[in-house]
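Work the whole structure out from these sequences, hints included.
Going by numbering that gives the first Met the number 0, the sequence shown opens with residue 0, and the numbers climb by one from there.
Wrong hints could be hidden among the right ones.
Unchecked claim - Now the in silico label distances, taken between C-beta atoms and shown as ranges:
hint : residue 1 : residue 2 : range
1    : Leu101    : Ala392    : 42 to 52 Å
2    : Val103    : Glu412    : 51 to 61 Å
3    : Leu190    : Phe297    : 37 to 47 Å
4    : Arg285    : Arg314    : 34 to 44 Å
5    : Thr230    : Gln108    : 32 to 42 Å
6    : Gln108    : His255    : 22 to 32 Å
7    : Glu138    : Leu183    : 29 to 39 Å
Note that these hints are calculated values from the structure, not bench results.
Treat the numbers as computed from the prediction; the structure is a model and nothing was measured.
Cβ coordinates follow ideal geometry from the N, Cα and C atoms, glycine included.
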Amino acid sequence: MNAGRRGGLLRQRDFRLLWAGETTSRFGSNITGVAMPLVAVVTLDASTFWVSALAAAAWLPWLFLGLPAGAWVDRLPRRPLMVACNVGSLLLLLSVPAAAWLDVLTMTQLLAVALLTGVANVFFSIAYRVYVPFVVPREHLTEANAKLQGSESAAQLAGLGGGGALAGAFGAVAGLVANAATFLVATLCLLGIRAEEPVPERPERPQALRKDVTEGLRHTVRDPYLRVLTTYGTVTNLLLTGYQAILTVFLVRELHVGEAMVGWLLAGSSVGGLLGAVVATPMARRFGTARGMLLCKFATAPFGLLIPLAEPGWRVVLLPVGGAMLALGVVSANVIQGAFRQQYCPPQLLGRVTASVSVANFGAIPIGSLLGGVLGGVLGLRPALWLLTAGLAVSSALLLAGPLRARRDLPTEPPTEPAPPSVPRPARPSAESAEPGDAPDPGDAPEPGDPPEAGDRPALRYAVPEQG
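What follows is the structure, encoded as structure tokens:
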């Protein structure tokens with residue numbers, strides 16, 4: 000940890016390994032983000048609905064496993080769990096090119112691989128977010144999240160473009176081989192980290208898993224900051240994944256774009272993610288974490304309306320421009336929110352709170368993917384894109400429903416717990432009834448006009464929001 004304080008995170012070996020491993024893994028995952036739907040569209044000639052169902056399958060496990068996974072992560076060592084998830088995903092992805100080369104690949108296998116790698120992703124994602132504060136000093140969490148989000152966007156840019164190039168040169172299944180290789184690199188990086196992870200705290204009398212889950216869910220629902228951010232994230236993920244699920248089909252069948260160009264057009268949106276990671280910290284310093292996040296969201300969301308305006312020819316550029324502006328707002332907010340949760344949530348609840356937020360946010364993704372497929376089939380691809388991007392343009396108003404609008408900065412400390420109710424004290428004996436020589440009772444109630452003692456009123460659960 001001292002290295003991080005002396006020279007920044009780039010001089011800290013463990014963070015470099017964590018950063019390199021996650022960036023490599025994200026690079027491979029984005030190759031698969033292009034390769035998997037292209038395998039379905041080009042190799043298996045799947046319909047729009049089945050392509051959207053494939054996108055939904057990867058996120059469906061969040062709905063069923065997200066909450067208990069958070070409780071398990073709070074009970075288990077995180078790094079071994081992350082390694083196991085990487086190795087499982089590697090083997091699953093290799094099964095697709097093997098089946099394709101044997102000419103036995105089916106849509107059922109694609110859906111099964113997407114579903115099972117989604118299960119691994121649930122556990123890995125929660126464990127990873129809980130693991131970061133053990134590697135990174137508290138004062139560097141915002142910098143760490145900015146670097147991780149920035150490299151994620153860079154990996155998305157290179158991965159989507161590389162996925163399209165691989166598909167054009169070697170076939171779509173080649174991208175899945177590349178993703179499997181990145182999981183191997185990410186695993187080796189994790190194994191090289193030297194930081195000792197504290198053993199997760201276990202109470203003397205372990206409570207039932209359901210009670211653990213309920214505790215994390217209750218904390219998320221009752222907290223005014225977590226509640227509004229989670230609600231907003233759920234709605235935006237629903238709309239974002241709705242339009243993204245049909246974007247590949249829109250490019251191939253409406254705009255008549257080739258396989259290699261599909262990846263590069265989708266990658267163009269990642270440029271906005273890079274900018275979002277760069278501007279998040281300066282925006283938070285200049286305007287405050289709460290106001291900076293609101294500004295980024297309100298300024299970028301309407302640009303999504305450029306996406307359905309895309310046409311064959313030069314107007315196809317409107318699609319990556321609109322996507323880039325949306326990504327700028329999403330990534331800048333993710334940087335700020337990531338550091339906020341890691342600092343604000345009680346450490347013993349971080350896994351369960353992360354799971355509760357992720358279940359709501361990521362659980363909306365399969366629903367949004369299916370929604371996009373249904374709307375694309377019923378209304379047509381372009382009208383469906385208009386409807387979904389219009390919803391994104393106005394969704395930022397949800398952030399004004401909570402305490403964010405009255406604050407410059409998000410809180411950086413866990414909320415204090417309410418003090419237990421005080422026990423009524425016996426009344427002080429009157430002067431007439433007191434015996435001579437009696438000592439004053441230390442529990443005597445104060446006389447009228449005496450200042451109240453600190454223990455005489457419960458502590459506030461949350462600080463009063465500062466006025467904007």
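These are the hints, each one checked on the structure:
{"no.": "1", "hint": "Leu101 to Ala392: 42 to 52 Å", "verdict": "holds, 47 Å"}
{"no.": "2", "hint": "Val103 to Glu412: 51 to 61 Å", "verdict": "holds, 56 Å"}
{"no.": "3", "hint": "Leu190 to Phe297: 37 to 47 Å", "verdict": "holds, 43 Å"}
{"no.": "4", "hint": "Arg285 to Arg314: 34 to 44 Å", "verdict": "holds, 35 Å"}
{"no.": "5", "hint": "Thr230 to Gln108: 32 to 42 Å", "verdict": "holds, 36 Å"}
{"no.": "6", "hint": "Gln108 to His255: 22 to 32 Å", "verdict": "holds, 29 Å"}
{"no.": "7", "hint": "Glu138 to Leu183: 29 to 39 Å", "verdict": "holds, 33 Å"}
Every hint from the earlier list agrees with this structure, and none is contradicted.
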